[in-house]
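Undergrad: Go ahead and model the full structure; you've got the sequences and the hints to work with.
These protein sequence lines map, in sequence, to chains A and B. The opening residue of the first sequence carries number 1 in this note's numbering; numbering runs sequentially from there. The opening residue of the second sequence carries number 1 in this note's numbering; numbering runs sequentially from there.
Check each hint, because a few of them may be wrong.
[What the hints assert, rightly or not] Using 30 Å as the maximum straight-line C-alpha spacing, the simulated DSS-like pairs for lysine-lysine come out as follows:
#  : chain 1 : residue 1 : chain 2 : residue 2
1  : B       : K51       : A       : K19
2  : B       : K100      : B       : K181
3  : B       : K174      : B       : K186
4  : B       : K326      : B       : K394
5  : B       : K128      : B       : K100
6  : B       : K181      : A       : K19
7  : B       : K128      : A       : K189
8  : A       : K260      : B       : K51
9  : B       : K128      : B       : K99
10 : B       : K394      : B       : K427
11 : A       : K80       : A       : K64
12 : B       : K214      : B       : K326
13 : B       : K51       : A       : K64
14 : B       : K51       : A       : K54
15 : B       : K214      : B       : K181
16 : B       : K427      : B       : K322
[As the list claims (entries may be wrong)] Some chain B residues near chain A, calculated using beta-carbon distances under 8 Å:
#  : residue
17 : V33
18 : V152
19 : D232
20 : A258
These aren't lab readings, by the way, just hints derived from the structure by calculation. Where a beta carbon is used, it is the ideal one built from N, C-alpha and C, also for glycine.
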Amino acid sequence: MAERTPWSLSGALRGMFSKRLIDQDTWDDLETALITGDFGIDVTDEIVADLRAKVARYNTTDPKDLQRMLRETLEERFSKLDSTLKLTERPAVVLVVGVNGVGKTTTIGKFAKFLRNYDRSVVVGAADTFRAAAVEQVATWAERAGAHIVRPQHEGQDPASVAYQTIEYAQKNGIEIVIIDTAGRLQTKGGLMDELTKIRRVIEKQAPVSEVLLVLDATTGQNGLAQAEAFIQHAGVTGLVLTKLDGSAKAGFVLAVQEKTGIPIKLIGQGEGINDLTGFTPHVFVQNLIG
Amino acid sequence: MATFGNLSDRLADTFRNLRTKGKLSPADVDGTVREIRRALLDADVALDVVKDFTGKVRERALGDEVNKALNPAQQVVQIVNEELIAILGGEARRINFAKKPPTIIMLAGLQGAGKTTLAGKLAKWLAKDNHTPLLVAADLQRPNAVQQLQVVGGQAGVAVYAPEPGNGVGNPVKVARDSIKWAIDKQYDVVIVDTAGRLGVDADMMKQAADIRKAVQPDEVLFVIDAMIGQDAVATAKAFQEGVDFTGVVLTKLDGDARGGAALSVASVTGRPIIFASTGESLDDFEPFYPDRMASRILDLGDILTLIEQAQGAFDEEEAAKVAEKFRTDTFTLEDFLGQMQQLRGAGSIKKMIGMLPGMGAMKEQLNNFDEREIVRTEAIIQSMTKAERQNPKLLNGSRRVRIARGSGMTVTDVNQLVQRFEQAAKMMKTVARGGVPNIPGMGPVPGAGFGGGRGKAQQPAKKKGSKSGNPAKRAVENAAIASGEKVGAGSGATADGSAAPKGSGFGLGGRAGLPEGAPSEQELETLQKFLRR
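TA: Right, dumping it as structure tokens:
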């Protein structure tokens with residue numbers, strides 16, 4: 001049985017920072033830690049080069065300083081973008097998109113609960129009419145969160161029409177926040193991506209879309225960037241949600257995603273419980289990451 | 001879409017520099033190995049595996065086999081490819097069926113890896129093979145997973161054993177145990193147990209999986225893993241190996257654009273073979289895993305074998321023979337032309353097919369410019385003709401053309417162009433079919449919907465002395481061969497025209513020297529390219 005490694009690089013970094021002097025091994029270890037954290041080779045090279053320059057400039061040999069600098073560097077890079085959710089419209093429409101199996105439906109359940117905790121009324125539109133039993137799954141979550149749900153009227157209904165009905169329902173019943181679930185789709189499927197564009201277009205006829213959240217799985221590797229770019233292009237993503245951070249994956253790739261696309265991380269999911277969804281705070285995130 | 005730089009482009013650059021050298025210095029090798037390292041890391045291969053791998057490649061690349069080779073650069077590619085295939089498991093392995101049925105297959109993996117969908121696919125695949133699979137709903141954790149399995153089972157037309165409603169209710173170990181009795185009673189010969197997704201770090205859930213394993217004593221435990229997974233693949237695979245000890249791996253979501261380096265990591269770290277690959281959302285998108293193809297994919301060498309198979313699948317052999325006959329007897333009509341085009345479309349998106357070809361980096365631009373709808377437009381024009389017109393294009397006078405243009409929403413010029421292209425092509429094909437050498441420039445072997453001016457490779461007249469290989473006729477014949485499902489013989493000597501073969505080299509000796517085994521020969525490639533681009 002694998003030891004329960006916390007979601008962090010600290011294991012990999014501990015050895016490195018407990019040494020007395022910075023030497024070549026330190027750099028190799030740092031590089032290894034970042035690469036295994038899925039930061040990707042380009043970002044890793046950048047960070048290592050940056051830190052090397054800083055270490056040389058401040059003329060330090062203490063790994064403790066390096067640790068502090070690493071934390072600062074990451075924090076600075078993570079906090080460049082504003083991670084607040086903008087839900088001021090009424091109804092505020094949130095479209096949730098992502099590839100298959102990243103945890104969209106679960107995220108919606110948690111997000112609905114998160115909003116209910118602030119006493120906002122929520123309706124969930126089950127527009128994933130494709131996957132078997134997806135509607136039931138989201139309905140179960142909605143029920144647990146205490147949110148309303150709009151189901152498709154028949155199997156295989158056009159997801160855009162479900163979205164339309166959901167917003168109609170919200171407007172009629174004065175519900176504050178609308179969350180639309182969509183079917184998972186791989187970013188390479190042109191037809192499915194166009195469907196997403198259509199859903200967005202149909203929604204916009206009734207109400208402006210406040211947020212389009214792209215759900216990314218923490219275990220994803222460098223493909224995360226390709227996913228983000230495709231979804232931004234087709235659905236106009238405004239924020240990222242990082243899920244499955246309770247596993248052993250470090251999700252370093254989100255740094256590259258955030259920097260290359262300019263879309264901030266807005267929420268993170270850290271477990272299977274309904275309350276395991278929190279806002280993204282760069283400081284806390286990096287603190288957890290570095291230890 | 002892949003922003004992280006295209007591996008084949010980068011390696012191609014490195015190799016281009018190497019190609020001019022007859023001998024590799026250690027510095028050259030180091031440079032190449034560095035690129036390979038980056039490439040593998042970009043493909044999400046685990047760092048340890050990369051280190052190990054590049055070490056081996058470096059050693060071999062510095063050895064004698066490379067320096068004695070005709071073309072060291074190609075030799076390096078071959079080494080890389082060979083080593084990849086070796087790690088990925090060499091030969092493809094199949095499922096071990098139990099001597100005494102039922103054969104029990106258990107699925108395990110992370111959440112969202114695609115276990116439930118895979119269960120359906122596997123069941124359908126087995127049912128096609130005259131097995132009688134039973135799906136067992138032992139994922140009682142995720143909301144409505146049981147229901148999902150029932151739906152999937154319905155779609156696949158197989159039985160589902162689901163005594164518990166799920167959503168946290170019921171004991172999965174008991175369900176799994178009971179299912180075996182049930183299967184024996186009802187004489188199902190394969191039992192597929194779908195279990196809940198779990199994180200490698202979740203000790204309780206791992207214990208549950210181990211308990212299910214103990215209870216059912218499966219013949220195969222398949223670890224289902226997402227092709228998109230990153231560096232964490234190793235930790236996860238190790239945790240599952242220690243927790244439940246799987247016997248094989250299934251790679252899902254290979255239809256995305258992830259390179260799937262995880263496959264390499266998992267195979268290398270656990271020593272377990274990858275048995276199946278899942279490549280789409282339909283229950284039929286499921287195939288045995290081919291290590292050599294995966295190696296090419298990780299290296300971005302293109303998936304030529306899959307492409308050939310798809311083309312073969314789409315082209316009906318009989319149909320192709322009929323068409324060839326028509327060419328010969330000069331009775332090829334616009335109607336047949338339409339049929340051909342629709343067949344080609346049946347093979348899937350042309351862009352996708354071209355994308356499977358290796359070294360397409362340079363062609364990306366043209367790829368993007370290629371409008372799939374061009375085919376649809378051509379179809380529309382033909383469909384706007386009367387039957388008589390289709391059979392005898394000579395009927396098409398001015399007013400008929402105007403009518404067709406209106407009917408298809410195109411201009412008369414478009415109609416004219418199509419007819420002209422068709423006539424040229426038919427003429428050429430006739431000559432070819434009779435064994436002559438046509439001299440019509442700019443035409444591919446199968447008459448086609450114009451490819452934006454064409455790439456014009458075939459425009460060079462066949463001038464290579466003595467060698468028949470340079471002539472388009474031969475290629476056309478080979479295209480027909482491909483279309484009729486025959487594999488192009490390596491000896492057929494169609495090294496395409498001068499632009500593809502290295503200058504001055506007879507049969508492309510230099511260029512071909514070290515193409516990776518299993519990868520297609522240049523002839524095959526060239527014919528395919530021609531065939532696609534028409």
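Undergrad: Confirm or reject each hint.
TA: Results of checking the hints against the structure:
{"no.": "1", "hint": "B:K51 - A:K19", "in the structure": "holds (24 Å)"}
{"no.": "2", "hint": "B:K100 - B:K181", "in the structure": "holds (14 Å)"}
{"no.": "3", "hint": "B:K174 - B:K186", "in the structure": "holds (18 Å)"}
{"no.": "4", "hint": "B:K326 - B:K394", "in the structure": "holds (17 Å)"}
{"no.": "5", "hint": "B:K128 - B:K100", "in the structure": "holds (20 Å)"}
{"no.": "6", "hint": "B:K181 - A:K19", "in the structure": "violated (59 Å)"}
{"no.": "7", "hint": "B:K128 - A:K189", "in the structure": "holds (27 Å)"}
{"no.": "8", "hint": "A:K260 - B:K51", "in the structure": "holds (28 Å)"}
{"no.": "9", "hint": "B:K128 - B:K99", "in the structure": "holds (20 Å)"}
{"no.": "10", "hint": "B:K394 - B:K427", "in the structure": "holds (14 Å)"}
{"no.": "11", "hint": "A:K80 - A:K64", "in the structure": "holds (25 Å)"}
{"no.": "12", "hint": "B:K214 - B:K326", "in the structure": "violated (64 Å)"}
{"no.": "13", "hint": "B:K51 - A:K64", "in the structure": "holds (28 Å)"}
{"no.": "14", "hint": "B:K51 - A:K54", "in the structure": "holds (28 Å)"}
{"no.": "15", "hint": "B:K214 - B:K181", "in the structure": "holds (15 Å)"}
{"no.": "16", "hint": "B:K427 - B:K322", "in the structure": "holds (17 Å)"}
{"no.": "17", "hint": "V33", "in the structure": "violated (14 Å)"}
{"no.": "18", "hint": "V152", "in the structure": "holds (5 Å)"}
{"no.": "19", "hint": "D232", "in the structure": "holds (4 Å)"}
{"no.": "20", "hint": "A258", "in the structure": "holds (4 Å)"}
Violated hints, in rising order: 6, 12, 17; the structure is consistent with all others.
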